[in-house]
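Colleague: Spelled out from the first residue to the last, the chains are:
Protein chains: 2
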Amino acid sequence: MFEVIKTEGRARRGVFTCPHGTVQTPVFMNVGTQGAIKGAVSAHDLKEIGCQVELSNTYHLHLRPGDKVVKELGGLHKMMGWDGPMLTDSGGFQVFSLSGLRKIKEEGVTFASHIDGRRIFMGPEESMQIQSNLGSDIAMAFDECVENPAPYAYVKHSCERTYRWLERCIAEHERLNQQPDCVNPGQMLFGINQGGTYEDLRVWHMKKIAPLPCDGFAIGGLAVGEPTQVMYDIIDAVEPHMPQDKPRYLMGVGTPSNIIEAVARGVDFFDCVMPARNARHGKLYTWNGTINIKNEKYKLDEQPIDPTCDCPACRSFSRAYLRHLFAAGEMLAMRLAVLHNLHFYNELMSRIRKALDEGTFEEFRQTYSGLLDKKAE
Amino acid sequence: MFEVIKTEGRARRGVFTCPHGTVQTPVFMNVGTQGAIKGAVSAHDLKEIGCQVELSNTYHLHLRPGDKVVKELGGLHKMMGWDGPMLTDSGGFQVFSLSGLRKIKEEGVTFASHIDGRRIFMGPEESMQIQSNLGSDIAMAFDECVENPAPYAYVKHSCERTYRWLERCIAEHERLNQQPDCVNPGQMLFGINQGGTYEDLRVWHMKKIAPLPCDGFAIGGLAVGEPTQVMYDIIDAVEPHMPQDKPRYLMGVGTPSNIIEAVARGVDFFDCVMPARNARHGKLYTWNGTINIKNEKYKLDEQPIDPTCDCPACRSFSRAYLRHLFAAGEMLAMRLAVLHNLHFYNELMSRIRKALDEGTFEEFRQTYSGLLDKKAE
Chain A
1 MFEVIKTEGR
11 ARRGVFTCPH
21 GTVQTPVFMN
31 VGTQGAIKGA
41 VSAHDLKEIG
51 CQVELSNTYH
61 LHLRPGDKVV
71 KELGGLHKMM
81 GWDGPMLTDS
91 GGFQVFSLSG
101 LRKIKEEGVT
111 FASHIDGRRI
121 FMGPEESMQI
131 QSNLGSDIAM
141 AFDECVENPA
151 PYAYVKHSCE
161 RTYRWLERCI
171 AEHERLNQQP
181 DCVNPGQMLF
191 GINQGGTYED
201 LRVWHMKKIA
211 PLPCDGFAIG
221 GLAVGEPTQV
231 MYDIIDAVEP
241 HMPQDKPRYL
251 MGVGTPSNII
261 EAVARGVDFF
271 DCVMPARNAR
281 HGKLYTWNGT
291 INIKNEKYKL
301 DEQPIDPTCD
311 CPACRSFSRA
321 YLRHLFAAGE
331 MLAMRLAVLH
341 NLHFYNELMS
351 RIRKALDEGT
361 FEEFRQTYSG
371 LLDKKAE
Chain B
1 MFEVIKTEGR
11 ARRGVFTCPH
21 GTVQTPVFMN
31 VGTQGAIKGA
41 VSAHDLKEIG
51 CQVELSNTYH
61 LHLRPGDKVV
71 KELGGLHKMM
81 GWDGPMLTDS
91 GGFQVFSLSG
101 LRKIKEEGVT
111 FASHIDGRRI
121 FMGPEESMQI
131 QSNLGSDIAM
141 AFDECVENPA
151 PYAYVKHSCE
161 RTYRWLERCI
171 AEHERLNQQP
181 DCVNPGQMLF
191 GINQGGTYED
201 LRVWHMKKIA
211 PLPCDGFAIG
221 GLAVGEPTQV
231 MYDIIDAVEP
241 HMPQDKPRYL
251 MGVGTPSNII
261 EAVARGVDFF
271 DCVMPARNAR
281 HGKLYTWNGT
291 INIKNEKYKL
301 DEQPIDPTCD
311 CPACRSFSRA
321 YLRHLFAAGE
331 MLAMRLAVLH
341 NLHFYNELMS
351 RIRKALDEGT
361 FEEFRQTYSG
371 LLDKKAE
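First to last, the protein sequences are chains A and B.
Counting from 1, one number per residue, gives the positions in the first sequence under the numbering used here.
Counting from 1, one number per residue, gives the positions in the second sequence under the numbering used here.
By construction, these hints were calculated from the structure, which means they are not laboratory data.
As the structure is a prediction and not an experimental result, all values here were calculated from the model.
Just to be clear, a hint being listed does not mean it is correct.
Given that identical chains are not distinguished, each listed pair holds provided it fits within a single copy or across any two copies.
When the alpha-carbon atoms are kept at most 27 Å apart in a straight line, the in silico DSSO-like pairs for lysine-lysine are as follows [to be verified]:
hint, residue 1, residue 2
1, Lys299, Lys78
2, Lys375, Lys354
3, Lys375, Lys294
4, Lys78, Lys283
5, Lys294, Lys78
Same shape as in the complex, but just chain A:
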């Protein structure tokens, strides 16, 4: 269930309810690919840093430990100790980006595992079955995420097929939710818009999927190398055709600025590996822009990463200590940095929601959209 409780321009302040709880939107989902957050961060830690929705990857969990193992363990919520809302992706993106030799047919995709080269088949039904076994609250439809750039004819052909795959996903998802041993019978399904960077294909595809009985709609296949403005233009083109009463999810995006700009264009859900990946390389977010904590200038700096931040790293540790941990190659560096950056993103969303509540989002956007992606002075 989704309700838009306030708008400012196209930006939406909403509340989303799913089997494991209520989500205030706009929301950034925190990525725990293999049922754990990279950087030694557990589901319990996520609670501490304001995470509302955990996102895990179908492809990875299907390969290891195997979705049937997860089901036997009572589902992913129970296995990883997360009792809040959870989304699983469809596996599609990884099948097309991580795996070796792959062969796409109408039925689905045959590909080689990136772990051991084993040949695996995944189609819409398999993706739904795996996600049903994982027991997430939101399953994502199985789609083809085409490369960028890709020829018009190929993209057209692909997004027609992705439409047919969505119909199959819906049927299989409905069937699975009715099975007596279903892990999470209230699991929802989001459809995914594709069409590469071709606005007409994007709009055609969005119009085709909008009437289907999905619980939300995502825009997929962006932030894969195209210029940022192209991404914004596509959101601008697609958004008017997305149902007003269902959540919109921009997959795999992005920088704080990208998120603010997409919220301004009517997007409600986000996810991205960037804050955790940047953290592991020492690039940390502050409300004055980004800093590289490995820099010599922090050697004796007793301030926290961001003096205004109340994350577990900033509450207790100095920049100088964190810099030392990175220099010394201590895993604790990764953990503290990841906790900080994820907390920052969750806090960013909280401030966006507050601005929307107060009708000051446009002001917030003017102040922070440029600033947050820049290096701090």
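Based on the hints, put chain B in the right spot on chain A.
Modeller: Quick look at chain B alone, frame taken from chain A:
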């Protein structure tokens, strides 16, 4: 200050007080080599798992970030966020085990940094100065830790010099504690017994250092490859010559069984990297013996590592989840495993103390000394 409050045979139940608090003994000190515990564990986490004394390494911190940097940051307690008792080793062990080409003279040791090959000189005065800058509660005397085996004549020569070095340590330590900018003016100093595996040299050396004004005495240079029984025999030989009213510290030891056996021989303080290192390789301690969590048989095992354990890993996560994290190469595996094993060691010491309090230590020893080092059935 140290008080033995109860004994059972030669085993001692004591209370030790230092500038950052009171320590119940026998105690196992948790190792945070570079000012952080390997496996993404912070000083705050140590509080959660019952750690009483944190131990950091002088050699590592001298090289990185540099003890003068630590002093400028207010000392190691402040830098790493640990407000409890802290011991620093002398650097001696690492100088002799980690560093490249080294040259020992009466003044001290010239050695090559294992990080960048830089030539560094460390003698008794330098070790005291570095530890004073770190601001630990207990500084360890600078000694030579001879290889095992080593010729009698060499060991005799070496432990005579280590005696002279201890006299210099005491003088320098006293001088440093009186400096107006001293980080921790209440810092204590423990002397270290050496003598290789030669009982007569060990006893000679112990008798020489026992009258010196140290706050405690350690037995160093054991658990470096000699048979376990040889280690026990040396403790048996040395212990009668150690002051009754000062704590005894067996350096770098050991397995749960080693610790129980050494407590039975009158030892109060322990430290070892083994529980954390084993954890990182998936070897976990339980009250039924050790398990290898990577084993296939734990794939669907929903029990915690040890059903009787209340560590942060066992409270929330299953063997199956931990096994998955190891298989998937997630850092979280390291963190949870290290938290468990360190908690186990701290709990082991707690149970030893309880048994001593209740006069049932010999019974405890009979039950657990053999069991805990074995594989669980």
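Colleague: Each hint: holds or not?
Modeller: Hints, one by one, checked against the model:
1. In the homo-oligomer, the alpha carbons of Lys299 and Lys78 lie at most 27 Å apart only across protomers (15 Å), although the nearest pairing inside one protomer, at 42 Å, exceeds that limit.
2. With identical chains, the CA atoms of Lys375 and Lys354 are at most 27 Å apart within one copy only, with a shortest distance of 25 Å there and 55 Å across copies.
3. When the C-alpha separation of Lys375 and Lys294 is checked against a cutoff of 27 Å, the pair qualifies only within one copy, where the shortest distance is 14 Å, while the shortest distance between copies is 43 Å.
4. Taking the shortest alpha-carbon separations for Lys78 and Lys283, only the inter-copy value of 24 Å comes in at or below 27 Å, while the best intra-copy value is 33 Å.
5. Proximity of Lys294 to Lys78 under the C-alpha cut-off of 27 Å is restricted to the inter-copy arrangement: shortest distance 20 Å between copies versus 37 Å within a copy.
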